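Participant: Chains as they are written, first to last, in the working numbering: chain A, 52 to 407; chain B, 190 to 645.
I should point out that these hints are in silico values taken from the structure, not numbers from a laboratory. Among the hints, erroneous ones may be present.
[Unchecked claim] Listed next, with one range per pair, are the computed distances between beta-carbon atoms:
| hint | chain 1 | residue 1 | chain 2 | residue 2 | range |
| --- | --- | --- | --- | --- | --- |
| 1 | B | Asn564 | A | Thr150 | 20 to 26 Å |
| 2 | A | Pro212 | B | Thr619 | 33 to 39 Å |
| 3 | B | Ile261 | A | Ser137 | 57 to 63 Å |
| 4 | A | Lys220 | B | Val366 | 56 to 62 Å |
| 5 | B | Ala616 | A | Ala106 | 42 to 48 Å |
Bear in mind that the values here come from a model prediction, so they are computed numbers and not experimental data. Cβ atoms here follow ideal geometry from the backbone N, Cα and C, with glycine treated the same way.
In case you want the letters, here they are:
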Amino acid sequence: MSKFRKVILTTALLAAAGFASAQSTAYPGVGRPATPKEVAAWDIDVRPDFKGLPAGSGSVAQGQDLWEAKCAHCHGVFGESNEVFSPLIGGTTNDDIKTGNVANLKRADFPGRTTLMKVATVSTLWDYINRAMPWTAPKSLKPDEVYAVTAYLLSLADVVPENFVLSDKNMAEVQKRMPNRNGMTTKHNMWAGKEFNGTAKPDTANVACMKDCIPEAKVASMLPDYARNAHGNLADQNRLVGQQHGANTAVPENKSTPAGVASTAPSAKPAVKVADPALALLGKHNCTACHAQNTKVVGPSFNDIAKKYSGKAEYLAGKIKAGGAGVWGPIPMPAQTAAEADIKMIANWLAAGAAK
Amino acid sequence: MKTPDGIQSGRVQKAPENFLDRDGISTVIAESKAGRRNFIRSAFAAAAAGVAAPMALAQGNPVPTEGGDPNILNLPEHATGLGQGVAANNGYGVPSKFESNVQRRQSPGLTQTTQASVSFAPLQSLFGIVTPSGLHFERHHQGWWDIDPSKHRFMINGMVKTPKVFTMDEIMRLPSVSRFHFIECGANTAVEWGNVAVPTVQYTHGMVSCSEFTGVPLITLLEIAGADFKKAKFILAEGGDGSSMTRTIPMSLILSGEVLVAYGQNGEMLRPENGYPLRLIVPGIQGVSWVKYLRRIEVGDMPYAAKDEAVHYMDLMPDGQHRQYTNIQECKSVVTTPSGGQVLLDKGFYNITGLAWSGRGKVKKVDVSVDGGRNWRQARLETPVLSKALTRFNIDWVWDGKPAIIQSRATDETGFVQPTYKHLRAARGTRSIYHNNAIQSWLVQENGEVKNVQVS
């Protein structure tokens, strides 16, 4: 059957099923009805009223196993890690579960805000884990696995007990125990519509005074001297010409220099750099999800690897292919399935010093 | 400052012969020969004090003793040789090599990965209102992709008569509009809520950009699918990348015709980092709602509480409540030059320039203060002044060499006046993270260096 006839037939079937009735006729030939199969493949969102939630279930125990295999290396075994992303768990109490308001959110001195402190809707957790996790393989979890992982997370915050089995049947009950379920308000003026019960006016009301508006202004906050070069040399971050040039922050500020004698800035960086093709591969194969150039993320930095295994391209290629554990820390690196040529190129780049 | 070719560029302090008496000149020359340039400056300052101000100012481009500028007297290679041919760089032009300092940059330590991260646009180096596409700020939630447009599909489902799918070919057949709009991340200026945290306007305000976007009004596509405009109150926009970003958008905004399904940006296709081949344009609304790699719109009757509207992009109030579904970027402005990390090379005339914008419409006026907010003068708004687009403002200023605190304050067409930090903190405390539209202050020090400050 031709493709065209298939489309016609599908349209007819949909029409028969009551999907297609009156359509805009202003743009004939543009767009076609989506098949139920197509809609099912993409319509994965879950609303706070659980519309869209597929049937299924998963236990805290199953979730813990999945967590340790697929989630812990970024989020920590107990969802508490601050190494790669903000912590998921912590800061909520059993009292919050009763009141539905996380008390620590009122405290200006409480360090950090975890996901469980903020999120009001359990559907949000399920939806996001389902659509976007794990970090390097989104949408790879089956619904039962999403239930299990969600159950494990909730158990860490004592929202559900350790022997709990989360399912589409009991999600609404779990919602009633979310620690910050009463923590949201739409009484504000910053939603661009009238769909919520927002306020009529903005919450600030400055006036455009023109003369003698305030007493003398005093500087209340500025960067300390030691942070002068924390963002790199600002001379290199401004154009070479212009009414102002960048300050040379690679040297201490000359506070006694009067106006009109700018410290000379260093020359611009070499203008044209050809990037090593291996750099593109690092992104392509998600290496940079766990490794960074200078700093340890989940795995060691490229610079550290290059230092340790200088000239050992073959060894590195083998390690990338087979994966490994124990050399740099307790978190294992899984075996990589990238093309042989790509792996070689990355290994050569590392062995040659990992130049950026 | 030296260019890579070793040619002197930029300004040089002029010796102040014109403004000194005979004795003064001989002293200055003697001191100059002895290499005491500092003395020249103080002599100049003393001399300047007694003379009419405008004449007393240093010239940035003095006549060298040889009687002419070597850049004029000695013809350069580009005036005496053969230049380069057409269609260089594989047929796509790139900026001058002398512009290599003008880059989008990450803020050190802000994020642990580059895939869930931000790069900031170099506002200090931009002119007019359009952000060059290669300098547009980036915010990715799970890394960016370069998607084959022939395989990209766009779906509409939910409260519609017929769920529909469209190819890029089909979307690009529909009547298109091209409009200039700003996009600002809800977390722009976030690090400054409590105190000064970063040195330059690139890092304080660089998560705003402005482009001419081309696409199809979303309402046209919803009409094709037969959306139930009576019952539907919201739509969900969903991305086609790994994070499959989702955001709830008010139907009322879509009915206005402003929301676009866009493929064009500044005359070419969207850049991959900005959502190639398709992204949602939601004028006036924070960037996270401008879903990139747009694959689906669901029409619905309740908000979706997606991760980026139920965990992030909410505003924490002092009472511990979060304002949810805050999406408007309220009226805001910033002076882009002089700004933090820059150095004023001389006293004298400067053009203070900056950007203003409002998520509620057009910018009506911008006032500028050079004394920390005590007195203000109205700046010139440069055309075009467009709704929910960046607006460029300029104002003349003669710097007398004394410390100055430069601020700008925008008013939009609703009459809303950009708040001070005092106003903002009184309303929302200091822990809100998002939607910081406070008046920015730049301290011009006596040594010419400009610092990011907050004033009391």
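Participant: Take the hints in turn and mark each one as holding or not.
Facilitator: A quick look at each hint next to the structure:
no.: 1; hint: B/Asn564 to A/Thr150: 20 to 26 Å; verdict: violated, 50 Å
no.: 2; hint: A/Pro212 to B/Thr619: 33 to 39 Å; verdict: holds, 38 Å
no.: 3; hint: B/Ile261 to A/Ser137: 57 to 63 Å; verdict: holds, 58 Å
no.: 4; hint: A/Lys220 to B/Val366: 56 to 62 Å; verdict: violated, 48 Å
no.: 5; hint: B/Ala616 to A/Ala106: 42 to 48 Å; verdict: holds, 45 Å
Hints 1, 4 from the list above are not met by this structure, while the remaining hints are.
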